[in-house]
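Asker: In case you want the letters, here they are:
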Amino acid sequence: MKKDQEKEINQKARDLLNQLSALLRTSHVHDTANEAVISGIDRLVSVVNELADDQQTVGLKLRGEYFYLNDLRIRYSLEHLINFDFLTREFKKRELGGVIFISNVNHNDIRTFIAAFISSSFSQKPFDSIEKKMSEVQSVTVEKLMKIAESEPLDPKKMVRKTYFNAVSYASGIMRKIHTGEKVSLKTSKRIVASVVDQIVEEEQLLLGMTVIKEYDEYTYHHSVNVSILSMALGQRLGMNRKMLTDLGMMALFHDIGKINVPNEILNKPASFDEDEWKIIRKHPFWGAKALLKLRKIDEFSIKSAIVAFEHHLNYDLSGYPKIRRRFELDLFSRIISVADWYDAITSARVYTRTPLPPDRALYVMLENSGTRLDPLILKFFINMVGVFPIGTIVMLNTNELGFVSGTNQLFLKRPKVTIIIDREGYRVTGTTVDLTEKDEQNEYIRTIIKTVNSAKYKMTIARYLQ
Amino acid sequence: MPGNDDIYQVIEIIRLFLKSKKILKMYPFNNPLCINIMDTCFAKFTEFFSINEKLSLKIGQNNILYDSEAVYSSTGKEDNLALFFFKDGLREITFKRGLSREDLYDFLKIISFDFSSDSVDDDVVTLLWEKDFQNIQYVVEEITLSDEEDYESRAVAEIEEKNTDDESLLGAYEDTLRNGSSVKDMEIALLTDKDLQDLAVEFEKDEYDKTGKLIEILFEMFLLSETEDDFNDLTGFFVGVIEYLLGMEDIDTATGILLKLNHLKDANGVSKEIRNCSKNILINISTGNIINLLGNMLDGSNKINDKMIEDFVKCLDEKAIKPMVLILGDLKKIHSRKLIVEALIILGRRNMDSLMEGLNDSRWYVIRNIIYVLRKIGDRKAVDCLFKTIRHGDVRVKKEVIRAFGELGGAGVLAALRNCLDDPDYQVELAALTEIGNIRSEGAKRTILKRISAGDFGERNFEEKKKYYEVISKWKDKEVRDFMADIIDKRTFFGRTRNYENRACAAYCLGLIGNRESLPLLDKYRNDGNRLFSEFITEAIRQIEHEKGSGKRN
Chain F
1 MKKDQEKEIN QKARDLLNQL SALLRTSHVH DTANEAVISG IDRLVSVVNE
51 LADDQQTVGL KLRGEYFYLN DLRIRYSLEH LINFDFLTRE FKKRELGGVI
101 FISNVNHNDI RTFIAAFISS SFSQKPFDSI EKKMSEVQSV TVEKLMKIAE
151 SEPLDPKKMV RKTYFNAVSY ASGIMRKIHT GEKVSLKTSK RIVASVVDQI
201 VEEEQLLLGM TVIKEYDEYT YHHSVNVSIL SMALGQRLGM NRKMLTDLGM
251 MALFHDIGKI NVPNEILNKP ASFDEDEWKI IRKHPFWGAK ALLKLRKIDE
301 FSIKSAIVAF EHHLNYDLSG YPKIRRRFEL DLFSRIISVA DWYDAITSAR
351 VYTRTPLPPD RALYVMLENS GTRLDPLILK FFINMVGVFP IGTIVMLNTN
401 ELGFVSGTNQ LFLKRPKVTI IIDREGYRVT GTTVDLTEKD EQNEYIRTII
451 KTVNSAKYKM TIARYLQ
Chain U
1 MPGNDDIYQV IEIIRLFLKS KKILKMYPFN NPLCINIMDT CFAKFTEFFS
51 INEKLSLKIG QNNILYDSEA VYSSTGKEDN LALFFFKDGL REITFKRGLS
101 REDLYDFLKI ISFDFSSDSV DDDVVTLLWE KDFQNIQYVV EEITLSDEED
151 YESRAVAEIE EKNTDDESLL GAYEDTLRNG SSVKDMEIAL LTDKDLQDLA
201 VEFEKDEYDK TGKLIEILFE MFLLSETEDD FNDLTGFFVG VIEYLLGMED
251 IDTATGILLK LNHLKDANGV SKEIRNCSKN ILINISTGNI INLLGNMLDG
301 SNKINDKMIE DFVKCLDEKA IKPMVLILGD LKKIHSRKLI VEALIILGRR
351 NMDSLMEGLN DSRWYVIRNI IYVLRKIGDR KAVDCLFKTI RHGDVRVKKE
401 VIRAFGELGG AGVLAALRNC LDDPDYQVEL AALTEIGNIR SEGAKRTILK
451 RISAGDFGER NFEEKKKYYE VISKWKDKEV RDFMADIIDK RTFFGRTRNY
501 ENRACAAYCL GLIGNRESLP LLDKYRNDGN RLFSEFITEA IRQIEHEKGS
551 GKRN
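In order, the protein sequences belong to chains F and U. Quick note on numbering: the first sequence equals residues 1 to 467 in this note's numbering. Quick note on numbering: the second sequence equals residues 1 to 554 in this note's numbering.
Check before you lean on any hint, since a few could be wrong.
[Stated by the list, open to error] Cross-link-like lysine-lysine pairs, in silico, BS3-like; alpha carbons within 30 Å at most:
{"no.": "1", "chain 1": "U", "residue 1": "K96", "chain 2": "F", "residue 2": "K243"}
{"no.": "2", "chain 1": "U", "residue 1": "K131", "chain 2": "F", "residue 2": "K92"}
{"no.": "3", "chain 1": "F", "residue 1": "K283", "chain 2": "U", "residue 2": "K205"}
{"no.": "4", "chain 1": "U", "residue 1": "K210", "chain 2": "U", "residue 2": "K194"}
{"no.": "5", "chain 1": "F", "residue 1": "K297", "chain 2": "U", "residue 2": "K265"}
{"no.": "6", "chain 1": "F", "residue 1": "K7", "chain 2": "U", "residue 2": "K54"}
{"no.": "7", "chain 1": "U", "residue 1": "K87", "chain 2": "F", "residue 2": "K177"}
{"no.": "8", "chain 1": "U", "residue 1": "K279", "chain 2": "F", "residue 2": "K297"}
It is worth saying that the hints were derived from the structure and are not from the lab.
So here's chain U without its partners, still in its complex pose (with noise of 0.2 Å):
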């Protein structure tokens, strides 16, 4: 019988199994938490090998023996660690002392493996078994292998039936003692030392990845498919090859497929089958989740390649705009978001309409991005779905429509920026008259200066006035010049600070045209007493007589 205080230090190293088991699901393996709880681990098994030479465990459904005594028990399913174990077949496990502080802490890890998964082969048996430990040694009950009850019994009645007989055994004898042919001498060559040299080679050849080997089988099954059932399966397998691929980062490979599948579908010299085939793969490829899995690869990886994910891009079917513009708000690395971006202008070329279903998601960022990507495609087709979206409430989405107006233009887009001169948001304002200015229509020109002339337009803090007249400079014709030269000649007797804002920044508008014909009427004003304007009428005959200096003319 064991003593008491074996008895405890059982218990105590199967809590800090159960421990080790939580704390190694949910950190990796070098996390200190983790080492910690191995170390812990080990440490307890070396006190108890100081007295003992083995720990032996024996296993049940609901509970775990040291010895006689019941060092665990639970009913439950989950956790349940003596389950966990007689599920596989286990029915005793055995450390040995001598177990070394590795050994023990792959067993941990094989307890804390994550087995529900439908991809994983193994269960707890076979990665004990894999591992191969010296002082870890296991009783395995093999009888749930079987499919069927007692197979062998009639495998071996079964050929028991065709036995030979002994009269034929015997004249088998007899026959082949009297005309039977001598041995043939065979000569066997013995291994050599070269021998085993080519060997090692196969072996180190072994260790590569052999996707690209199935690819090239992949490829050599699309010729000897025949049916649609054959160019059916093929679709699926090259989609979950893809698949793999993006799930291991290897970019450089799926593109490769995705190249050499482009071409097919368009491909001379190749049926019919094969090239529509080429086509639906692309098609299956450009869905949901390889654009997800091309989106963890982006935020995972530190070594993408630019020009791969492009040539990827370019493959894709124009499907895949909806789940990249899903993803797009979902990613973490600006650089990833840069790549989908530039994805989305290969491809959005291709769907405009599918694109642009993107304004509508929920998500100020990403319908900003999809408004730059539309700004980047240049197609005015944009711009009737951006009328909505001007009035979305995020002043940066805003911004970028209008800035989208600005270089799309097309009808109804300088009223739009018209509007948008009334947002009570001043950043909002100023980017619409930005805009109006790119545009440099007579239209465009006509608002600026009826916005200028406005009553109101006095009222305004001197910067805002100054943009406005920044803007107009952009027409430098003599309608402007002319307009200036009256702001600048104007006096007022009530509200003269006001006044002499607007004239010096009439005065600012003409240095900015640059024109000599205007140098008169500033010098008129050089010396005039109002600090403000004098400066700004000096700065204008200063930037005009340098534009004259460096020989440019209006």
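Extracted from the complex, chain F is given alone in its bound form (with noise of 0.2 Å):
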């Protein structure tokens, strides 16, 4: 295929997910009668059609993480992201691995296929459910997610752990190199930042629900890989390449590495700390930009990683330590760090508070400082991607059920996937996930949320459920 014809043909295909997604998010909230459905659904024909004068068969397919126009790949750029993000989780959902169209599709052939996918997430087997639907039509075919169909898969939270602990093994033992004037290679950090952003992109819930486990006692280092997961996931919403994923995760890895000369006794006093100690904590920031340019000879990385260790703590309006004289902006990523590094530590019992927040406070803490310590934008950004109870949230729901976020839903941030721990009863379970989504047969949601429980006030760990 020449250049100039995958082009055009991803484009066109851009436009199909587009339309496709579009149509889905209406159809969730009207029904199929509905005239903005209808309209919808009439772009949508027009779009396959045009589509299928070239293709003869249009075949739009999920493998991984892509969509695929019949074998080619659909690219995509920051702007369609959102889109392809909701088509992806909504296919996944529903073990939909491909939708085929066949030449001259028409109004009614789509409108069964939207009917047959929206009501197919109150199904125990949606993807059954809508192959049985569509068997009527000779013009749209579906097929099932290849994943499930063709291999036992690989169990994805075990992958998620080894990811997860294998950074936080490299960060302690580069970070002791460091310390120690060892002579380190980067070339480990970028295998290991590259396997989480396999990872983000394709666990992306099981990963942040990696970072949502305070307990361990080197701390610094799960701090430093809670940072990198967290700001490359919020780089992922943001529409980052691999490539800045990367860098971003490697810069967010060593944010903290001026902490290697803060004594540990400071670093783990369980109480608060008085001036000099804290006098000592806000070199860090120097310490560690000195660290990075001192790692070896100057070039792009230590340029760009001593900045963001620099500026971390500079606060969006430079209100933060270190001081500085001249005032100038900060960096994209030192302020996409900086969002991150907040919400670690402030849900952590640790450096900064010794009483951790909950997630969910902790949300509203960061949007109280929106716009002077933490750029507005990002943060906006960040919300969207944990949602109003992020992963790790301990939460009441209506139903006297006692459980923990576990998963976020883009389009109903209020309505996350929660693990319950206490049943209606009062007795311990042992983990049955549910999605705040599901209705019942009147249409009104089965579970909400009624209440969040601060976890550090009753001493609780959910860390079993996590991992």
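Grab the two chains, each in its own frame, and use the hints to assemble them into the complex.
Answerer: Laid out in structure tokens, this is it:
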């Protein structure tokens, strides 16, 4: 296929995905007889048939995290990110691997497909439900998600856990080496970060879940990895490509390197710091920049990482530390990492607060600092990523069940997935996960969050469920 | 089992990988040799994919298998393709039908990349990963990444101990059920088109080079530094940044830093430590490494701002003189040499001794440049050193020394020039003669008159003789005019031709002196029978008359 032709088809394929995404979003709210849905269906019919003129059969397939039009991977840019993300989740939720449109698709065929798609979310076997309903339609067929259909999947939880601990182990090793002045190679860190990027793309929620556990002794290393994960997840939402995500992950991994100069008795002090101790703590961005610039000859990596290490506590309005004389705008990476750093720090019983905030409260605090200490634009993306109730928030439901948020929902920010740990009778249970978007036959939500629980108050940990 | 044809094709593809790896390392990618080998490789893949769906290679430490057949094996450590992949954890590479020419080219570029440098953070896997090839897939073994064996189990066990017991959990449940406060209704603003546009602007800004930002931070770090170590580290960072900037051919930014440091080193209102550190940085920047980078940049770039180079050099310490002298002989472009010579004129004034050490360089052209620099500096201190250099074996060096002598003057210069008049090389003699003429002292005049009066002077060829007369004409005094008059009036019986040549030269000299008092004498010989003599007489008269007409007086 010639480049121009490929470009043209890619454009049409993006149109197809955008139209389908918009139509499904509208159909979540309105019936298929609604005017907005009808005009959406018409637009989709037009796009499909136009593509069918070129391709005969239009197969829209999800493989891994990518959509393909027949065998061509659909490449997308920042402005399509939200639609792509939405469709990927919706397809996966239904184990739907592909939709094949055969030429001359009409309004009714698409309408049947949309109705089947929406109603399948209430079914135990969503793909079978769609397939059954589509069996009457000649011009549209569906395929099951290949990963599920073809082979036994690897346990994603185990893979994520391995990636996470691999990263923490590496972080602790490299920081010790830097502290003792050993020569370090960054090749491994790039490999580690690359594997995290892969996991962010495929298993973001699980990986974010790993960042919720704060009970490790070597918290400094976990914090570096957590900030790296949160930053990369945010970077992905911002539409960064792999190269940028890797850079961001690397910078975040080393952002706190200056803490290797802070004595352990201060870092691990159980009580609050006195003024002298704060003075030392406030030196760590300066020390961090120094450590990174000393690591090797000045190059792109040392420049970018030293900037982040120096700026990550400066605050958006430069009111933070270290105190600087000339005003300048913070680097984009510094602003992203600063948001991730804040979130992980204030939800941990560590350096900056001895009383950790629950994730939902942490967001309130961060919002209060939007535009002053935190970049409002980046924070907005962050909150849209983690939702009103971020992963790890312990919640009480209107059903008197107690659980913790184990997955967010991009479409319904207040209706995440919750893993139940105490049932409505007050008994401890092993952890079933429920989706708060589920409705009963009267079209009412089955479960709703009514209270959040401050885990620190009760010294609660949910680590065992997240691992 | 694959057929023999397939195996031969795969072996050929591997051979082409190896060949590409070598050629692409040696030449730029757009070199016809590179393009040719990559095209050949692509043609081989096209042939293979006309029958097969995919080409899957299993990577061992010392061999590569296609299906279960070995298509490559080597036990060496250098140039072992299997080991090259294996050491980075690659265990399988699969090329699929649909592999594009561009993707194959990128793959070949990756395998020919030089991973040996310490500053390279990538390995084969990260480069393949970044490219995200649609039709090249690979399997990687990640076991070597973790620093600590079984870190995971230890960390998991650690938090297991901290898990909340059932009683506490149920207590928390009961308490929350009864007393917990309801959730606040936090409204989250959804992302808008404006947000995406703002983000796009942020991304655009982020594409710019960040060195400028680092420099701002380094100057802030100056103020935050407290210990000697801090200042020493800063010195190293500034030097590193300057090296980096010169490597990037960004002389403007580098000069900006130096100017600022130059200001700080003498500035009032800043601490002594900062002033000293600024001074130290400027000294440390004046070393061989930086000067070599400067030289590479001058030779390699076509967009050099001469004024920036001048400003850059002005900030350097005199320590830069020696390395600059060294690179002077290595630079390829005339303009680069010119800039370094200009730089040495600036720096050399601060330490003449250091500059004059360059006169011991083994390369004649470097010495000639140094002498030129000394001439431009114009300090007579250089003369003593040049007495030795005048004995240099290369005529071009000698001539440059003679010019320097002429320009600088000073004790002993005339004697040295006088010696040069005896040099077997006429060019040297001529240069010395010219410079003696430029000195215009009585001693200089006597030297030339003595040479002209010498017995063997007449034996020289006409042009050489003429040159001496031309030089002596600069003195325009009565003694010289009388000296010339005596020569013009002189008649001989033997050696008449040579005598006429001398008389013609004397007439030429009087013409150059241009004194009207010489006219009667010249008129006397206007119609002399010797053609050469009468021509020079006529020309001299014409010249003096012309001088008269133009109102010049002697």
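Asker: Work down the list of hints and note, for each, if the structure agrees.
Answerer: Status of the hints after comparison with the structure:
1. K96(U) x K243(F): holds (24 Å)
2. K131(U) x K92(F): holds (26 Å)
3. K283(F) x K205(U): holds (29 Å)
4. K210(U) x K194(U): holds (26 Å)
5. K297(F) x K265(U): Distance of about 25 Å is within 30 Å: holds.
6. K7(F) x K54(U): Measuring from Cα to Cα gives roughly 25 Å; hence the hint holds.
7. K87(U) x K177(F): Given pair K87(U), K177(F) holds - Cα atoms ~23 Å apart, limit 30 Å.
8. K279(U) x K297(F): holds (22 Å)
Violated hints: none; the structure is consistent with every hint.
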